[in-house]
Amino acid sequence: MGWAIALHGGAGDIPRSLPPHRRDPRLATLRRCLDLGTAALRAGHPALDVVELVVREMEDCPHFNAGVGSVLTTDGTVEMEACVMDGNTMRCGAVSGLSTVVNAVSLARLVMEKTPHIYLAFHGAEAFAREQGVETRDPSHFITEENKERLRQAREANRVQIDYTEPIKGQEAQAPPEDDNSRIGTVGCVAIDSAGNLATATSTGGLVNKMVGRIGDTPVIGAGTYANRLCAVSATGKGEAIIRHTVARDVAAVMEHAGLSLQDAAARVVAGVPPGNVGLVAVSAAGEVSMVYNTTGMFRACATEGGRSEVGIWPDDDDDGAR
Amino acid sequence: MARWAIAIHGGAGVDPNLPEHRQEEAKRVLARCLQVGVDALRGGAAAVDVVEAVVRELESDPFFNSGRGSALTRLGTVEMEASIMDGRGRRCGAVSGVSTVKNPVSLARLVMDKSPHSYLAFDGAEEFAREQGVDVVDNSYFITEDNVGMLKLAKEANSILFDYRIPLGGSETCSAQAENPNGMVMNGLPISIYAPETVGCAVVDSNGFPAAATSTGGLMNKMPGRIGASPLIGSGTYACAACAVSCTGEGEAIIRSTLARDVAAVMEYRGAGLQEAVDYCVKERLDEGFAGLIAVSGAGEVAYGFNCTGMFRGCATEDGFMEVGIWE
Chain A
0 MGWAIALHGG
10 AGDIPRSLPP
20 HRRDPRLATL
30 RRCLDLGTAA
40 LRAGHPALDV
50 VELVVREMED
60 CPHFNAGVGS
70 VLTTDGTVEM
80 EACVMDGNTM
90 RCGAVSGLST
100 VVNAVSLARL
110 VMEKTPHIYL
120 AFHGAEAFAR
130 EQGVETRDPS
140 HFITEENKER
150 LRQAREANRV
160 QIDYTEPIKG
170 QEAQAPPEDD
180 NSRIGTVGCV
190 AIDSAGNLAT
200 ATSTGGLVNK
210 MVGRIGDTPV
220 IGAGTYANRL
230 CAVSATGKGE
240 AIIRHTVARD
250 VAAVMEHAGL
260 SLQDAAARVV
270 AGVPPGNVGL
280 VAVSAAGEVS
290 MVYNTTGMFR
300 ACATEGGRSE
310 VGIWPDDDDD
320 GAR
Chain B
0 MARWAIAIHG
10 GAGVDPNLPE
20 HRQEEAKRVL
30 ARCLQVGVDA
40 LRGGAAAVDV
50 VEAVVRELES
60 DPFFNSGRGS
70 ALTRLGTVEM
80 EASIMDGRGR
90 RCGAVSGVST
100 VKNPVSLARL
110 VMDKSPHSYL
120 AFDGAEEFAR
130 EQGVDVVDNS
140 YFITEDNVGM
150 LKLAKEANSI
160 LFDYRIPLGG
170 SETCSAQAEN
180 PNGMVMNGLP
190 ISIYAPETVG
200 CAVVDSNGFP
210 AAATSTGGLM
220 NKMPGRIGAS
230 PLIGSGTYAC
240 AACAVSCTGE
250 GEAIIRSTLA
260 RDVAAVMEYR
270 GAGLQEAVDY
280 CVKERLDEGF
290 AGLIAVSGAG
300 EVAYGFNCTG
310 MFRGCATEDG
320 FMEVGIWE
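Protein chains in written order, with numbering that gives the first Met the number 0: chain A, 0 to 322; chain B, 0 to 327.
Just chain A, same shape as in the assembly (with noise of 0.2 Å):
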């Protein structure tokens, strides 16, 4: 028993060889957003508050794809998307299509608490921020150089390009040889208060060279974020795979109906996507924590009230890793 934390930064084909100045900011973040998260659940904030706090901070950094930093659509615009759910009460709040928004998954909260939706989108999104008076910015506050060049490869690829992946069979000739412009990825943050409450939050930008428009996991309830009184998951990898398989709300599920604990439940579902297409971290009632991939590595970290922590990118970074 007791709390529990873990996040994400995407999960993806990561290169061993990806080079100290990809690597090590990113780490570094996740570290300090780690110890952010355990620093508040220590202070006693409640899970829904620990996962929001941890995810804006990712958000805001330019490393990962999720508020500054997320990656362009087709158009070369920036559309993001985010969702929060509150394990105990299981009240939920997404939003997707947002262009000004500084911290998505502060809105996603505010469309749970202050509207009678659950899900708004593009204009009725943004026009709810500005009534709600969060902060926004010009939307090429969220533009990167990096993913400006991004985009471009992915335009001359002639494809979309999912986070992490290694270039599409056949493409490899069009793809830069060493592509690690392209390994960022989706954050999100599973925890469980020392008062039993779970949450769950995730942020994305979503695809580069996605369709205008194009939703994925991360804001579909059950698909990317689903939190109950079992258990609180985030998953990240391919959105398109993710939905198709409900991830996060199967592992509640097989938690449930097959009485499997968090960990095998979680490793049940992965094994169960085409391999190189998902990743999660999950936290469950009893306080365990999962962290599970069946790509080359996850971003990840994870910190329990019994002196677990970890920070990791492949299997062998850890104790946990792709079980």
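By construction, these hints were calculated from the structure, which means they are not laboratory data. Even for Gly, the Cβ is constructed at its ideal location relative to N, Cα and C. Keep in mind that the hints are not guaranteed to be accurate.
Under the rule of at most 25 Å between Cα atoms (straight-line distance), these lysine-lysine pairs were calculated in the PhoX-like manner [what the hints assert, rightly or not]:
{"hint": "1", "chain 1": "B", "residue 1": "101", "chain 2": "A", "residue 2": "113"}
{"hint": "2", "chain 1": "B", "residue 1": "113", "chain 2": "B", "residue 2": "101"}
{"hint": "3", "chain 1": "B", "residue 1": "154", "chain 2": "A", "residue 2": "113"}
One-sided excerpt, in silico: chain B residues whose CB lies under 7 Å from chain A [said to hold, decoys possible]:
{"hint": "4", "residue": "15"}
{"hint": "5", "residue": "18"}
{"hint": "6", "residue": "59"}
{"hint": "7", "residue": "118"}
{"hint": "8", "residue": "222"}
{"hint": "9", "residue": "231"}
{"hint": "10", "residue": "251"}
{"hint": "11", "residue": "254"}
{"hint": "12", "residue": "255"}
{"hint": "13", "residue": "257"}
{"hint": "14", "residue": "260"}
Per the computed footprint, the stretches of chain A lying under chain B, defined by three or more beta-carbons under 8 Å from a beta-carbon of chain B, are [to be verified]:
{"hint": "15", "stretch": "115 to 121"}
{"hint": "16", "stretch": "208 to 219"}
{"hint": "17", "stretch": "241 to 252"}
{"hint": "18", "stretch": "283 to 295"}
Please arrange chain B on chain A, whose structure you already have, making use of the hints.
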């Protein structure tokens, strides 16, 4: 060969005072659309084609709120959404915020078949519709006189109205809303319990492949940009090898419980039969929300369930069973 089966719905949560002639009209529309599906299944059509064809029929009829006759947003505009899922390979497509596409379910199908994504919304979905050359009409095509009046009522009551399909002549709607008999609220705002807002179809074809589709105009007086359960795979719509499910009702309750996926999960992980799974999910999952669903199994069974007053529905199986109903 497996045995085909089909189930359709036109929304759950029916005003118990719905005039008799409106009830008859609803049944006629349901029977006609059901027959479209039955004929296609007898002709050997694939489940995914049948659910699309049937939902197109339901969308095109203004009686139910999807396509023509859709509910209006707070701004008086129509924002439609739909999704489709093929249990064979669990492929899926969805659209939201569609304002000119005559048949949103067919656009969802095109997202599944012709785009690298599974879900497109608002301007991007409209742009894709034009690229694909689907039938588009002016937004005013979808807006009916009745609904303009109902939006006015909803705004006066400062409420999100579900029961807007009752003709304006009757004052029952106003009083029912004002009294708000069940005191039901959604995130602290009063809503009416009668929610015939959505259409859907679930089918298993003679090869044993299930598919499902759902389409809606959403809620009267909804906020612009609001996305409900219908386009969300796992919530409003789901299909896998075990079954196909389409849900309707209070979208927010359906989303929280990922209702459609849960029917399949209860079958898959608990080994429950179709009706057992449907009953379990309606009873255990819908906390304080009101909703209903229809489902078919890979084995050719049909089932439905709801926890509100009535659901417009119909079903048929290869054995010759056919039923159209509204109340329990």
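How the hints compare with the structure:
1. B/101 - A/113: violated (33 Å)
2. B/113 - B/101: Measuring from Cα to Cα gives roughly 18 Å; hence the hint holds.
3. B/154 - A/113: Holds, because 18 Å separates the two Cα atoms, which is no more than 25 Å.
4. 15: violated (24 Å)
5. 18: violated (29 Å)
6. 59: violated (24 Å)
7. 118: At about 4 Å, which falls below the 7 Å cut-off, the nearest Cβ of chain A leaves the hint on residue 118 of chain B intact, so it holds.
8. 222: holds (6 Å)
9. 231: holds (6 Å)
10. 251: With a closest approach of 5 Å, the residue 251 of chain B hint holds.
11. 254: holds (5 Å)
12. 255: holds (5 Å)
13. 257: holds (4 Å)
14. 260: holds (5 Å)
15. 115 to 121: Holds, because 7 residues of the stretch 115 to 121 of chain A bring their Cβ atoms closer than 8 Å to Cβ atoms of chain B.
16. 208 to 219: holds (count 8)
17. 241 to 252: holds (count 7)
18. 283 to 295: Our answer is that it is violated, as 0 residues pass the Cβ test (under 8 Å) against chain B, missing three.
In terms of the numbered hints stated before, the structure departs from hints 1, 4, 5, 6, 18, listed from lowest to highest.
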